[in-house]
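S.K.: Here is how the chains run, residue by residue.
Number of protein chains: 2
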Amino acid sequence: MEWKPDKVNDLPLYKQISNYLESCILNGEWPSGSRLPSERNLAKTFRVNRSTINSAFEELKSSGLVQSIVGVGTVVSKNVWENDQNRTPNWDRFVKEGFYLSNNPINQMIYQLIQTEEKIINFGIGELHADLLPMKLMENVHRSMKLDGDLGYQHIQGNIKLREVISTHMKQYRNITASASSILITSGAQQAIHLIIQCLLCPGDSVANENPSYAYSLPIFHSDGLNTHFLDVQDEGIDPEQIIDLYKKHRIKMIFLNPIHQNPTGTTLNLERRKKVMEICNKYGIAIIEDDPYSLLTYDDEKMYSLKSMDTNGLVLYISSLSKIISSGLRIGWISGPQPVIQRLADVKQQIDFGHSNFSQWYATALLESPYFNEHIIELRRGLKNKRDLIVEAFKHELHQDIRFIVPNGGIHLWCESNHKTINDQLLFNDAIKRGVIFAPGNTLGSQHNFFRFTYSRPEMNTIANGIHRFAEALKASIKK
Amino acid sequence: MEWKPDKVNDLPLYKQISNYLESCILNGEWPSGSRLPSERNLAKTFRVNRSTINSAFEELKSSGLVQSIVGVGTVVSKNVWENDQNRTPNWDRFVKEGFYLSNNPINQMIYQLIQTEEKIINFGIGELHADLLPMKLMENVHRSMKLDGDLGYQHIQGNIKLREVISTHMKQYRNITASASSILITSGAQQAIHLIIQCLLCPGDSVANENPSYAYSLPIFHSDGLNTHFLDVQDEGIDPEQIIDLYKKHRIKMIFLNPIHQNPTGTTLNLERRKKVMEICNKYGIAIIEDDPYSLLTYDDEKMYSLKSMDTNGLVLYISSLSKIISSGLRIGWISGPQPVIQRLADVKQQIDFGHSNFSQWYATALLESPYFNEHIIELRRGLKNKRDLIVEAFKHELHQDIRFIVPNGGIHLWCESNHKTINDQLLFNDAIKRGVIFAPGNTLGSQHNFFRFTYSRPEMNTIANGIHRFAEALKASIKK
Chain A
-5 MEWKPDKVND LPLYKQISNY LESCILNGEW PSGSRLPSER NLAKTFRVNR
45 STINSAFEEL KSSGLVQSIV GVGTVVSKNV WENDQNRTPN WDRFVKEGFY
95 LSNNPINQMI YQLIQTEEKI INFGIGELHA DLLPMKLMEN VHRSMKLDGD
145 LGYQHIQGNI KLREVISTHM KQYRNITASA SSILITSGAQ QAIHLIIQCL
195 LCPGDSVANE NPSYAYSLPI FHSDGLNTHF LDVQDEGIDP EQIIDLYKKH
245 RIKMIFLNPI HQNPTGTTLN LERRKKVMEI CNKYGIAIIE DDPYSLLTYD
295 DEKMYSLKSM DTNGLVLYIS SLSKIISSGL RIGWISGPQP VIQRLADVKQ
345 QIDFGHSNFS QWYATALLES PYFNEHIIEL RRGLKNKRDL IVEAFKHELH
395 QDIRFIVPNG GIHLWCESNH KTINDQLLFN DAIKRGVIFA PGNTLGSQHN
445 FFRFTYSRPE MNTIANGIHR FAEALKASIK K
Chain B
-5 MEWKPDKVND LPLYKQISNY LESCILNGEW PSGSRLPSER NLAKTFRVNR
45 STINSAFEEL KSSGLVQSIV GVGTVVSKNV WENDQNRTPN WDRFVKEGFY
95 LSNNPINQMI YQLIQTEEKI INFGIGELHA DLLPMKLMEN VHRSMKLDGD
145 LGYQHIQGNI KLREVISTHM KQYRNITASA SSILITSGAQ QAIHLIIQCL
195 LCPGDSVANE NPSYAYSLPI FHSDGLNTHF LDVQDEGIDP EQIIDLYKKH
245 RIKMIFLNPI HQNPTGTTLN LERRKKVMEI CNKYGIAIIE DDPYSLLTYD
295 DEKMYSLKSM DTNGLVLYIS SLSKIISSGL RIGWISGPQP VIQRLADVKQ
345 QIDFGHSNFS QWYATALLES PYFNEHIIEL RRGLKNKRDL IVEAFKHELH
395 QDIRFIVPNG GIHLWCESNH KTINDQLLFN DAIKRGVIFA PGNTLGSQHN
445 FFRFTYSRPE MNTIANGIHR FAEALKASIK K
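First to last, the protein sequences are chains A and B. No gaps in the numbering here: position 231 of the first sequence is 225 in the numbering used here, and each next residue is one more. No gaps in the numbering here: position 181 of the second sequence is 175 in the numbering used here, and each next residue is one more.
For the record, the hints were derived by calculation from the structure and aren't laboratory data. Keep in mind that the hints are not guaranteed to be accurate.
[What the hints assert, rightly or not] Not everything, but these chain B residues come out facing chain A in the computed CB check (under 8 Å):
| no. | residue |
| --- | --- |
| 1 | Glu121 |
| 2 | Asp125 |
| 3 | Asn264 |
[Unchecked claim] Here are the computed lysine to aspartate or glutamate pairs in the DMTMM-like style, where the Cα-Cα straight-line distance is at most 20 Å:
| no. | chain 1 | residue 1 | chain 2 | residue 2 |
| --- | --- | --- | --- | --- |
| 4 | A | Lys428 | A | Glu158 |
| 5 | A | Lys113 | B | Asp425 |
| 6 | A | Lys269 | A | Asp199 |
| 7 | B | Lys155 | A | Asp144 |
| 8 | B | Lys72 | A | Glu273 |
| 9 | A | Lys269 | A | Asp218 |
| 10 | A | Lys415 | A | Glu467 |
| 11 | B | Lys113 | A | Glu235 |
| 12 | B | Lys113 | B | Asp425 |
| 13 | A | Lys270 | A | Asp229 |
| 14 | B | Lys165 | A | Glu(-4) |
| 15 | B | Lys155 | A | Glu158 |
| 16 | A | Lys130 | B | Asp142 |
| 17 | B | Lys270 | B | Asp295 |
| 18 | B | Lys155 | A | Asp229 |
| 19 | B | Lys130 | A | Asp144 |
| 20 | A | Lys155 | B | Glu(-4) |
| 21 | B | Lys(-2) | A | Glu33 |
| 22 | A | Lys(-2) | B | Glu158 |
| 23 | B | Lys90 | A | Glu111 |
| 24 | B | Lys155 | A | Glu(-4) |
[Unchecked claim] Computed beta-carbon distance windows for the label pairs:
| no. | chain 1 | residue 1 | chain 2 | residue 2 | range |
| --- | --- | --- | --- | --- | --- |
| 25 | B | Tyr366 | A | Met455 | 15 to 23 Å |
| 26 | A | Ser17 | B | Lys277 | 46 to 54 Å |
| 27 | B | Ser138 | A | Asn264 | 49 to 57 Å |
| 28 | B | Lys277 | A | His244 | 30 to 38 Å |
Ideal Cβ placement from N, Cα and C applies to all residues, glycine included.
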């Protein structure tokens, strides 16, 4: 709800609000029988006192548009429609049905706060702050771009120029050989994962995820059809032997891994384990979905080679994106793997959204082709390392006796565990927001409670220390309780 | 497959091709056991003679990489991998599974030809040719655009500025009152339809579609879970009484309509029928999904008001897009309807693709806000009317005794029926492609055979007559058979 009352308007705030709600009701935006948001939520949305909302509701009640129902809330009246025989579609039932589960309420709240008010310091969203984006490079690309390309639908696997540039990029930066024909452009890694699950698996199939993992936070892994099992992430990544156990017990067909600078733990599957994973999956014919958003973001000079770079057997479907190395707003990701699989995924992507915006594909092509791209990656690593140092410093300073964490040597996440086992994660999260800081509670990512993910790429440099200070205060307050 | 052999290279073509295929096999792009495309298809893809592909295959066979299996084709050998104990994941089974059906093979072929070679005249894809796009306006927008906006993830309903501009646009051009909060930005109308089906319906639900319709061509309507029934489209659109029949027999919960300049028939549900549809759906509580891509494209001055513009009851989920009025490459569509429904759809869109590219949202905002937008729409209508006149003229000239059609007074499609009942649609389609013209066979859109859709917005002005001439020759040849 983005409309806001106008505080310099002559009309009293409550009246502006009741007028707005009335127009929404009369447009059908709040159909008869539907429940309005709570007074508390509306007060937050419109940035007014709760008493103002209360007055607006009274106004609507007196005109008969809404009524209070005990135990339900404020509901749009049935009798506002001239003809009593009319029936509104049962939207409430529609909303509760369908294939997809809803997001976890904590994640819903985090996504609502994506465009954070300035006073909130946001460690909750996995993306780069503008201070890490290649703004100058983008402006150059923008200025030199001519809009003379094809403005119609693209090839169903995505713009051919972009796929060729990604093929070159993968060779150069990731030691992966993949022709443009084996690449499908997706709306970030997010869509890649959904396409794979919906096109290649069917109800009753068993798969394995890392635990904790970003994938855990995706409701699709918890939907009815899929049997999702877990591979525990340790300091050196998953234990490959666990794959064999899961295969023998559950005949897992597919495993989802984020081997390098894992989200959320920041750990990397060491080389020996990576080889072992390939060997095991080769032996049992288990497909690997490798999500690799971070391998370019290693802070030291060690090159991190993905499972895909070791794959000559068509074992791995490799997912990556430009979200964590250029900008999440481009919404450019890709999948690379066996051509018959890529063609199947492309056929379904055509059905679902008829491909990706040409505009962002042109920008992505120009950015990856730019001779300054490499320089940007070097600067980005440096910037992330600085932020990592700041957050590590801040945690040591504020909470050195209260939390433990592994210092990440790449990527964008810091994963920590509180030494106090009695904390209520939900209360801590709510209290932290009140104090102006957001993080991702570990249980939304599959861990036991008491763990937290801090994405240090998201806040500005000069707010990191303050953000951790606020978190420390919230944590200390919750320990005392 | 976009790689092509280099005809000026010293290496013989067959050798270049066998080297390329070998590298794809060794990368795992064609895993062991997978079937290579047929010689015929590869010859087409690489634009060489079939004998060249045959030589390349012989080369691969002699090195043991592939083998011929009678009744199957050319298959990647199992023994190319050093270790015989390795098992490739059963990609073939993966590709055949999953929730989504494949596209109809004819549609797959049409989508493969999206970026048509110049010599093919393409009436098969529902989009505008560059000669109808507001190129000057776009260039102005591009030049005056500053990349200082937020480059991160957007609000999960889409960029707020764009939603506000769409809200204003709907008021001004469509007589629809909808606040920005009741709008969700989607990747074209295509994604809107998929979100609605997957979020609001569940297996066993009954819905109704127009027949013929674009929706018919979407495999999701034929997937197992949904019971899809049909409302026959006549010259004045569907018969509202049929909705009552379907409700009584099948308890349909939702109907999908494209009431104005319908795809594919070009017909418009007349005002009286539109009112009747609203009355019936109000009475039975049936939700209406109104797909309205064309209402701005009426050639005469009559304003076409959508069902949504008559809806005060929250009965209609309204879908539209910029694909047919600005450019399909923007991939900007939207859904407007009851806020709780929009919020549910937005929550799932976040899960699926984490929102839409910022870049195309900025362009869309600037284009809709431009004072020249109205002028563009007027020019677009004029351009479409000219193309309509040309195609009507061409049909009358070439085939006046062989086909019947309704002259469309808006939109982009012409629907025609052959007077000869013995034609084989598939053979006619294939023959037409050989002669350099593509159209959409009616049976892919749900009609009986013998019907054809010609999207006259897609070819250039000066190719329309020639395209219909080619079609006429193909049709006459198929009548003779």
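S.K.: Against this structure, judge whether each hint is valid.
M.R.: So, going through the hints one by one against the coordinates:
1. About 5 Å separates the beta-carbon of Glu121 of chain B from the nearest beta-carbon of chain A, less than 8 Å, and the hint is met.
2. At about 11 Å, the closest approach between the beta carbon of Asp125 of chain B and any beta carbon in chain A exceeds 8 Å, and the interface hint on this residue is violated.
3. The restraint placing Asn264 of chain B at the interface with chain A is violated, with a minimum CB-CB distance near 23 Å, outside the 8 Å limit.
4. Annotation: proposed proximity of Lys428 of chain A to Glu158 of chain A is violated, straight-line Cα distance about 48 Å (limit 20 Å).
5. Distance check on the hinted pair: Lys113 of chain A and Asp425 of chain B sit about 66 Å apart at the alpha-carbon level, beyond 20 Å; violated.
6. Among the hinted pairs, Lys269 of chain A with Asp199 of chain A is inconsistent with the structure: their alpha-carbon atoms are about 26 Å apart, more than 20 Å.
7. Of the pairs offered as hints, the one joining Lys155 of chain B and Asp144 of chain A is violated, with about 26 Å between alpha carbons and a cut-off of 20 Å exceeded.
8. At roughly 17 Å between alpha-carbon atoms, Lys72 of chain B and Glu273 of chain A fall within 20 Å of each other, so this suggested pair holds.
9. Note on Lys269 of chain A and Asp218 of chain A: the hinted pairing is violated, with a Cα-Cα distance of about 33 Å set against a maximum of 20 Å.
10. Proposed proximity of Lys415 of chain A and Glu467 of chain A is supported: the alpha carbons are some 17 Å apart, at most 20 Å.
11. A C-alpha spacing of about 57 Å is found between Lys113 of chain B and Glu235 of chain A, which places the hinted pair above 20 Å, so the restraint is violated.
12. Restraint check: the Cα-Cα separation between Lys113 of chain B and Asp425 of chain B comes to about 15 Å, which is no more than 20 Å; the hinted pair holds.
13. In summary, the hint linking Lys270 of chain A to Asp229 of chain A is supported, as the alpha carbons are separated by about 16 Å, within the 20 Å threshold.
14. For the hint pairing Lys165 of chain B with Glu(-4) of chain A, the CA-to-CA distance comes to about 17 Å; that is within 20 Å, so the pair holds.
15. As the CA atoms of Lys155 of chain B and Glu158 of chain A are separated by approximately 34 Å, the hinted pair breaks the 20 Å bound.
16. At most 20 Å may separate the alpha-carbon atoms for a hinted pair to count; Lys130 of chain A and Asp142 of chain B meet this at roughly 11 Å.
17. For the suggested pair Lys270 of chain B and Asp295 of chain B, the alpha carbons sit about 24 Å apart, so the restraint of at most 20 Å is broken.
18. The straight-line distance between the Cα atoms of Lys155 of chain B and Asp229 of chain A is roughly 44 Å, outside the 20 Å bound, and the hint therefore fails.
19. Restraint check: the Cα-Cα separation between Lys130 of chain B and Asp144 of chain A comes to about 15 Å, which is no more than 20 Å; the hinted pair holds.
20. At most 20 Å may separate the alpha-carbon atoms for a hinted pair to count; Lys155 of chain A and Glu(-4) of chain B meet this at roughly 10 Å.
21. Taken as a hint, the Lys(-2) of chain B and Glu33 of chain A pair is broken in the structure, with Cα atoms around 64 Å apart against an allowance of 20 Å.
22. Annotation: proposed proximity of Lys(-2) of chain A to Glu158 of chain B holds, straight-line Cα distance about 13 Å (limit 20 Å).
23. As the CA atoms of Lys90 of chain B and Glu111 of chain A are separated by approximately 47 Å, the hinted pair breaks the 20 Å bound.
24. Annotation: proposed proximity of Lys155 of chain B to Glu(-4) of chain A holds, straight-line Cα distance about 10 Å (limit 20 Å).
25. Taking the beta carbon of each, Tyr366 of chain B and Met455 of chain A are about 42 Å apart, not inside 15 to 23 Å as hinted.
26. Ser17 of chain A and Lys277 of chain B have their C-beta atoms about 25 Å apart, which leaves the hinted 46 to 54 Å range violated.
27. Judged by the Cβ atoms, the range 49 to 57 Å given for Ser138 of chain B and Asn264 of chain A holds: they are separated by roughly 52 Å.
28. Checked against the hint of 30 to 38 Å, the C-beta distance between Lys277 of chain B and His244 of chain A comes to roughly 51 Å, which is inconsistent with it.
When each numbered hint is compared with the structure, violations occur for hints 2, 3, 4, 5, 6, 7, 9, 11, 15, 17, 18, 21, 23, 25, 26, 28.
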